[in-house]
Every structure is written in C-alpha cells, then in structure tokens.
Amino acid sequence: MLERLFGRSKSSAAASAASSREAEEVQLRRLSEYHALAKDCVSRAVTYEENRALASALSHYKKAVELISEALTLQVPKQAQKGAKQTEELLRWHTSCIDRVKHLDGRARGKTQGRG
1 MLERLFGRSK
11 SSAAASAASS
21 REAEEVQLRR
31 LSEYHALAKD
41 CVSRAVTYEE
51 NRALASALSH
61 YKKAVELISE
71 ALTLQVPKQA
81 QKGAKQTEEL
91 LRWHTSCIDR
101 VKHLDGRARG
111 KTQGRG
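Numbering of the sequence shown is given in my numbering, commencing with residue 1 and proceeding in unit increments.
Do not take every clue at face value.
The calculated lysine-lysine pairs, modelled on DSS-like cross-linking and capped at a C-alpha distance of 27 Å, are [stated by the list, open to error]:
(1) 63 to 85
(2) 82 to 63
(3) 39 to 78
(4) 82 to 39
(5) 102 to 82
For the record, the hints were derived by calculation from the structure and aren't laboratory data.
Turn these sequences into a full structure, and let the hints steer you where they fit.
In structure tokens, the structure reads:
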C-alpha cells in the first residue's frame, strides 16, 4: 500500500520501460535518417568532385560534415547493433569529409592567391 502511495507501482514502472524503449527506437530511426541523408550528400560531393565541379563538391562536403556532426550527437543505445554500425560509418565519413574540405579549401585559396 505504501509503495503505491509513495513509490512507483508496477504498472508505472512497466510504462516507463515501454516509453524508454520507444525513445530508443526514435533515436535509432533518427540516426538511420541522418545516415541516409549524409550518405546521399557524400555521394553527390564525390560525383561533383569527379566532374571537377569543385565549388559544388565543397558545399556538399561541408553539408555532409554538418549532418554527420548532428547525427553523432544523438543518444543511441550502445547495445543497438545497427546503430553502432551506422555510427562507425558516420565517424569514418566525418573524417574523410573534413579531409576533403581542407583539401578543396586549400586548392581554392591557392588559385585565388596565385592570381594576385
């Protein structure tokens, strides 16, 4: 009786566990959506770079870095295997995109400085 008055009842504990699972599923779904967006952005950036549209490639790499940074702030449960896999992939892409941004920024600066 006291537990029901002052503590959690069994039904509220079960409801809390269910809402916690829902929150984890929402975070996993958000991670998957960010992953898909980042993948598309990186793919477009690579295509632009291959076609020598360097300004477009640079802007897409920068957008990918933004998306990936946001995705990596999500609180994804450690035991979620799919989430862990996507997070690892996002981390690799993040490093690669930052490298490409530095490289392309350097090329752009070199061209503008060489003209003066």
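Results for each hint:
1. At roughly 22 Å between alpha-carbon atoms, residue 63 and residue 85 fall within 27 Å of each other, so this suggested pair holds.
2. The straight-line distance between the Cα atoms of residue 82 and residue 63 is roughly 24 Å, inside the 27 Å bound, and the hint therefore holds.
3. For the suggested pair residue 39 and residue 78, the alpha carbons sit about 22 Å apart, so the restraint of at most 27 Å is met.
4. For a cut-off of 27 Å, the pair hint linking residue 82 to residue 39 stands: about 16 Å separates their Cα positions.
5. This hinted pair does not check out: residue 102 and residue 82 have alpha carbons roughly 30 Å apart, beyond 27 Å.
Consistency note: the structure conflicts with earlier hint 5 alone.
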